[in-house]
Amino acid sequence: MPMSEAAMQNRLFIPRSCLTTEGNKTGSWRFLRPRYEDKTAPCAAGCPAGEDIPKIEMLTAQGFFKEAWETILQENPFPAVCGRVCFHPCEGSCNRGEYDDSVAVHTLERFLSDTAARYDFRPSFARLPSRKERISVVGAGPAGLAAAWFLTLLGYSCDVFEASPEAGGVLRWGIPAYRLPADALRQDLRRFEREGIRIFTRRPMDRQFFAEAAGRYQAVILACGHGRGQSLSIPGEMEVGVIEGLDFLRMIRASEMAVGGGTEAVIVNGAGCGRSMDTLGEGEAAAEGSEFPGKIGEGALSSFDGLTAVIGGGNTAVDVARSVIRLGGKAVICYRRRRQDMPAFADEVRMALEEGVALEELVSPATAGRDGEEIVLSLRQMIVAGMEGSGRARVIPDGDKMKEVRVRRVIRATGAGPEESWMLPAVEGTKVLALSHCRLVSGEGKLVVVYAGDLANATKSVAHAIASGKEAAIALNALLREGSEAVIPRLQACAVGDGPALSMEVCLGGERRLRSRHIVSYTEINTDHFGFAPRITQPRLLVEERVRSFAEIDLKISAGLAMKEAERCFNCGLCNGCDKCWLYCPDVAVIREGEARRIHYDYCKGCGICVVECPRNAMSLGEGEGEG
1 MPMSEAAMQN
11 RLFIPRSCLT
21 TEGNKTGSWR
31 FLRPRYEDKT
41 APCAAGCPAG
51 EDIPKIEMLT
61 AQGFFKEAWE
71 TILQENPFPA
81 VCGRVCFHPC
91 EGSCNRGEYD
101 DSVAVHTLER
111 FLSDTAARYD
121 FRPSFARLPS
131 RKERISVVGA
141 GPAGLAAAWF
151 LTLLGYSCDV
161 FEASPEAGGV
171 LRWGIPAYRL
181 PADALRQDLR
191 RFEREGIRIF
201 TRRPMDRQFF
211 AEAAGRYQAV
221 ILACGHGRGQ
231 SLSIPGEMEV
241 GVIEGLDFLR
251 MIRASEMAVG
261 GGTEAVIVNG
271 AGCGRSMDTL
281 GEGEAAAEGS
291 EFPGKIGEGA
301 LSSFDGLTAV
311 IGGGNTAVDV
321 ARSVIRLGGK
331 AVICYRRRRQ
341 DMPAFADEVR
351 MALEEGVALE
361 ELVSPATAGR
371 DGEEIVLSLR
381 QMIVAGMEGS
391 GRARVIPDGD
401 KMKEVRVRRV
411 IRATGAGPEE
421 SWMLPAVEGT
431 KVLALSHCRL
441 VSGEGKLVVV
451 YAGDLANATK
461 SVAHAIASGK
471 EAAIALNALL
481 REGSEAVIPR
491 LQACAVGDGP
501 ALSMEVCLGG
511 ERRLRSRHIV
521 SYTEINTDHF
531 GFAPRITQPR
541 LLVEERVRSF
551 AEIDLKISAG
561 LAMKEAERCF
571 NCGLCNGCDK
581 CWLYCPDVAV
591 IREGEARRIH
601 YDYCKGCGIC
611 VVECPRNAMS
621 LGEGEGEG
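No gaps in the numbering here: position 590 of the sequence shown is 590 in my numbering, and each next residue is one more.
Keep in mind that the hints were calculated from the coordinates and are not lab data. Be careful, since some hints might not be right.
As the list claims (entries may be wrong) - Only pairs whose alpha carbons sit at most 25 Å apart, straight line, appear in this in silico SDA-like list of lysine to any residue:
(1) K403 with S364
(2) K446 with Q208
(3) K66 with L19
(4) K564 with Q208
(5) K605 with K564
Stated by the list, open to error - Between beta-carbon pairs, the in silico distance windows are:
(6) G622 with Y584: 41 to 51 Å
(7) G356 with G560: 29 to 39 Å
(8) F200 with V384: 43 to 53 Å
The model shown is predicted, which means the values in this text are computed figures rather than measured ones. Built from N, CA and C at the ideal position, the CB exists for glycine as well.
Let the hints inform the model, and build the full structure from the sequences given.
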């Protein structure tokens, strides 16, 4: 019986074909062509070391911890270090930060390095065949070691020369153990030895070295760092015995060697070992442990009571002040600008204040004089008189206003410079090529010299030191293989996004070279496919525990928490096989082949639904006959 018109209106009819529609190749209707195109994530472009962060987090979320760790090592040989002390600019660039909160990249890198140490992972990744050229690296700090690491991947043999008794540079001697334990640093350093990089310690270099190096090496990379502190240049500085901040930190780290070298055997509330501060010469490297007798109560570190004034606003100043607290003393940081202008990491400043460090803003040291056992430090008060181009306040003296503080000691941490012997004089017939993070000096028949790290970097951070070492390696490789004209084009070809970050994987011809340099913005993320999820909170020792010792204050997280946090990553610009394209395609034109996805253009009408629905902008839509 035929249905009434009213009944027909109340029914839903779904068309159904009992025959195949493969003969109807709807792709002929297409005007636009979708294609898979991996792009560049803003976190990767914002990382000075150029780490492939979206891939790292994708692998971590899937439980492939070794593969994620190896992905880090391809671009950064210091995951244990950077997982602890990096200022993580990647998190400031994270698109997730505009949705709820940025991904805890820093914490996840620490987790991967700890996991690698626990299970003794051995990395396996691409490298070029061995070459005959030998390279010398002066300075076993982050820049020098990074250069040696990347040159090894490029096939070169490297010898590293270090004046101190242990490798690491500022990582070993200038960063307190509560931030970077010696064991964590050694965890990264062991890989250099396994890769055949020879590190010669207690080998200070001088000008004579370069004459000898010309006969043994094809190039020398100078990455000795800035180890000479800068004077305050105020009356009374020498008379009262102002202590250099870097020397102070060296003494503390060297005292660990005296009592066994482990992070457990460090000074606790003044109970430590050391020698008198005035016996540590200017610019002197930390000495062997035997020079620090293991008798409690001997030397400058045995008693640090009273108030210590720390002059400066950088990370060294904050590290010094927090170390003074751990030695049983009190500390006040005197800074000529405001707290928000301090170059020190904001988190470190906040934790220093939590631990009892005082902060005097807008004061500049004027004079210092001794009054018995105390030092009278006169401070000139400053006022804000505008803003500098960097965004920091421009300050000037507030008339003749002064204030005094009475302290037991003064430690300066106002910056550092290089030893003059490292700055070689210009030689006729040489060509200087200044790059983002290093300088190359070359000439016909002359030893190639590369200045890296602090000697060439404007920004002083571990991540920028690694970037300098990588740039030095890629540039030197281009120079030796193709000539000076090839250096700039080679660096540009290895850039991550707009640069200046570089990718060693790209340099070695890896899959990352196929990605578009377009940096994915937040507006290009389809947030409909994501849910709000809180960022993990970094577990940390209580303040009461932190100030009692130099034990590491940041604690480990579980694999479950790490995977959950990594799942928050948008994986911007990187296909992770979520299959939203396959699910939403009205023509069933998306073909899944294992982990790969491709588009069957015989049936794709070019509607662009797959591109719109892609959560992470890993597809593009345009004209032409590109691959799917």
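Status of the hints after comparison with the structure:
1. With a CA separation close to 10 Å, the supplied pair K403 and S364 stays within the 25 Å bound.
2. Under the criterion of a C-alpha separation no larger than 25 Å, the hint pairing K446 with Q208 is consistent with the structure, at around 15 Å.
3. Distance restraint check for K66 and L19: the Cα-Cα separation of roughly 49 Å exceeds the 25 Å cut-off, and the hinted pair is therefore not satisfied.
4. Annotation: proposed proximity of K564 to Q208 is violated, straight-line Cα distance about 55 Å (limit 25 Å).
5. A hinted pair counts as satisfied when its Cα atoms are at most 25 Å apart, and K605 with K564 does not qualify at roughly 38 Å.
6. A hinted range of 41 to 51 Å is violated for the C-beta pair G622 and Y584, which are about 19 Å apart.
7. The hint said 29 to 39 Å for the Cβ distance between G356 and G560, and at roughly 35 Å that hint holds.
8. At about 50 Å, the beta-carbon gap between F200 and V384 stays in the expected band of 43 to 53 Å.
The structure is inconsistent with the numbered hints 3, 4, 5, 6, although it conforms to all the rest.
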